[in-house]
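Going left to right, the sequence shown walks through residues 0 to 106 as numbering that gives the first Met the number 0 numbers them.
In case anyone wonders, no lab produced these hints; they're calculated from the structure. Heads up, the beta-carbon is just placed ideally off N, CA and C, and yes, glycines get one too. Please note that the accuracy of each hint is not assured.
Subject to a maximum C-alpha distance of 30 Å in a straight line, what follows is the list of computed DSSO-like cross-link-like pairs (lysine-lysine) [claimed, not checked]:
| # | residue 1 | residue 2 |
| --- | --- | --- |
| 1 | 34 | 85 |
| 2 | 94 | 76 |
| 3 | 94 | 75 |
| 4 | 34 | 76 |
Restraint ranges, calculated between C-beta atoms of paired labels, are given here [as the list claims (entries may be wrong)]:
| # | residue 1 | residue 2 | range |
| --- | --- | --- | --- |
| 5 | 27 | 98 | 15 to 25 Å |
| 6 | 29 | 6 | 18 to 28 Å |
| 7 | 79 | 59 | 34 to 44 Å |
| 8 | 20 | 62 | 34 to 44 Å |
| 9 | 46 | 79 | 29 to 39 Å |
| 10 | 11 | 83 | 35 to 45 Å |
| 11 | 104 | 82 | 14 to 24 Å |
| 12 | 0 | 57 | 16 to 26 Å |
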Amino acid sequence: MNIEYEEFDTIEDIFMYMTSAAPPMKNTMPINSYKNYVMSFIPLSPSTGDTYLMIYASGSLDPGIYEFDVASKSYKKVEAIERADKVYFISLTPKRNTIADTAIENL
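Kindly produce the complete structure, drawing on both the sequences and the hints.
What follows is the structure, given as C-alpha cells:
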C-alpha cells in the first residue's frame, strides 16, 4: 500500500479541500478523527486500491454531523442535515484504522 500526504494547517482547510473535490450532488462526506488527526483518505488508484492520498490536519472532532459554510470558512456541530446550500461532514472515530495507523507511522 502506498500513501501520499497532503497536510493542512486547520480542519477548516480540510473541509475546503473536500468541498471543492466532491461531486456537486454529494453533500455529506465522512471524515475520521483518529489519534489526534482529522483525516480523509482518497483512493488514487480505485481499480487496485493500492495508493491513497491522506488529507489531514492535527486536531480532533467529536463524532457527529458538522455543517460547513464555504463562504465564511466555518463549521459547527449540528443535529441533522437540513440545508441544501451547506456541505455536511460526518465525523467518525474508529476504534482501529489500519490504513491510518500505517499512514501515521510513516509521517
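* For the pair residue 0 and residue 57, does the Cβ-Cβ distance stay inside 16 to 26 Å? -> holds (23 Å)
* That 18 to 28 Å hint for residue 29 and residue 6 (C-beta), does it hold up? -> For residue 6 against residue 29, whose Cβ atoms are near 20 Å apart, the range 18 to 28 Å holds.
* Can you let me know if the beta-carbon spacing of residue 79 and residue 59 is within 34 to 44 Å? => violated (22 Å)
* How does the Cβ-Cβ distance of residue 20 and residue 62 compare with 34 to 44 Å: does it lie in that range? -> This hint is violated: roughly 23 Å between Cβ atoms.
* **30 Å Cα cutoff - pair residue 94, residue 75** => holds (24 Å)
* To do: Indicate whether the distance between the beta carbons of residue 27 and residue 98 respects the range 15 to 25 Å.
  => Once the Cβ atoms are compared, 21 Å apart, the range 15 to 25 Å for residue 98 and residue 27 holds.
* Pair hint residue 94 and residue 76, alpha-carbon separation not exceeding 30 Å -> OK: residue 94 and residue 76 at ~21 Å, within 30 Å.
* If you draw a straight line from the CA of residue 34 to the CA of residue 76, is it 30 Å or shorter? -> Satisfied, since the Cα-Cα distance of roughly 20 Å is no more than 30 Å.
* Asked: Does the structure keep residue 34 and residue 85 at a Cα separation of 30 Å or less?
  -> holds (28 Å)
* With 14 to 24 Å as the target window, see if residue 104 and residue 82 comply at their CB atoms. => violated (39 Å)
* Asked: Per the hint of 35 to 45 Å, is the separation of the Cβ atoms of residue 11 and residue 83 within bounds?
  -> Given a distance of about 21 Å, which is not inside 35 to 45 Å, the answer is violated.
* **Consistency of beta-carbon spacing, residue 79 to residue 46, with hint 29 to 39 Å** => Since residue 46 and residue 79 have Cβ atoms about 36 Å apart, the given range 29 to 39 Å holds.
The earlier numbered hints that this structure contradicts are 7, 8, 10, 11.
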